Amino acid sequence: DTEVTQTPKHLVMGMTNKKSLKCEQHMGHRAMYWYKQKAKKPPELMFVYSYEKLSINESVPSRFSPECPNSSLLNLHLHALQPEDSALYLCASSQIFGELFFGEGSRLTVL
Amino acid sequence: AQSVTQLDSQVPVFEEAPVELRCNYSSSVSVYLFWYVQYPNQGLQLLLKYLSGSTLVKGINGFEAEFNKSQTSFHLRKPSVHISDTAEYFCAVSEATANAGKSTFGDGTTLTVKP
Numbered sequence: 001d002t003e004v005t006q007t008p009k010h011l012v013m014g015m016t017n018k019k020s021l022k023c024e025q026h027m028g029h030r031a032m033y034w035y036k037q038k039a040k041k042p043p044e045l046m047f048v049y050s051y052e053k054l055s056i057n058e059s060v061p062s063r064f065s066p067e068c069p070n071s072s073l074l075n076l077h078l079h080a081l082q083p084e085d086s087a088l089y090l091c092a093s094s095q096i097f098g099e100l101f102f103g104e105g106s107r108l109t110v111l
Numbered sequence: 112a113q114s115v116t117q118l119d120s121q122v123p124v125f126e127e128a129p130v131e132l133r134c135n136y137s138s139s140v141s142v143y144l145f146w147y148v149q150y151p152n153q154g155l156q157l158l159l160k161y162l163s164g165s166t167l168v169k170g171i172n173g174f175e176a177e178f179n180k181s182q183t184s185f186h187l188r189k190p191s192v193h194i195s196d197t198a199e200y201f202c203a204v205s206e207a208t209a210n211a212g213k214s215t216f217g218d219g220t221t222l223t224v225k226p
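Here the protein sequences come in this chain order: X and W. Sequential numbering from 1 applies to the first sequence in the numbering used here. Sequential numbering from 112 applies to the second sequence in the numbering used here.
Hints in this document: simulated from the structure, not taken from any laboratory. Any given hint could turn out to be false.
[Stated by the list, open to error] As a list, the in silico DSBU-like pairs of lysine-lysine whose alpha-carbon atoms are at most 35 Å apart: (1) Lys-36/X to Lys-213/W; (2) Lys-160/W to Lys-18/X; (3) Lys-22/X to Lys-160/W.
The model shown is predicted, which means the values in this text are computed figures rather than measured ones.
Generate coordinates for the entire structure from the input sequences, incorporating the hints supplied.
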């Protein structure tokens, strides 16, 4: 069982839709992450929050907007996405130094 | 900057045979090293990690890895594999003083265990 919970597991959206991905962890970790993973590829880092503040943005297009409402929650707001944004979106958490704990991911399809 | 090279993109092996998945890294500073496994339609799960201390690290599901600083390698081994070990395996490295989320991942090795 994963201790990082992501919802929804699957999402299909049109290019004009607005949707959100949600992530929750209760391990007391102070760092949370969004990764994007294409098929047969390693995860690509998108955003990092440390102590609820955005610390890393890996030059992600503005159609992806992260939000960290509190130390346990992480959201990724999606707007005006492109078909090439279809991928598995993984949330992870960690202590500041240490291994990553991943959720099972949200599989996004953009039509 | 750091980099990770997983030397084999695919490793087919028969059930109960030993396996080694190879990982080399490059970094100008001290590093932490990790192996993650990803089963189909799931997220990544930590197999084992090297932070400091003993260079032989034991992980879950019978896997182990050895940190070799002189050869800048962190190869993953298992003496006898099962069908259930079929998955994608990622080696990752992060600077020892950096946020773990800045880990650099290798391209992955697909392990296929055949009956």
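Structure-based check of each hint:
{"no.": "1", "hint": "Lys-36/X to Lys-213/W", "result": "holds, 14 Å"}
{"no.": "2", "hint": "Lys-160/W to Lys-18/X", "result": "violated, 39 Å"}
{"no.": "3", "hint": "Lys-22/X to Lys-160/W", "result": "holds, 28 Å"}
Going down the numbered hints, you'll see the structure goes against just number 2.
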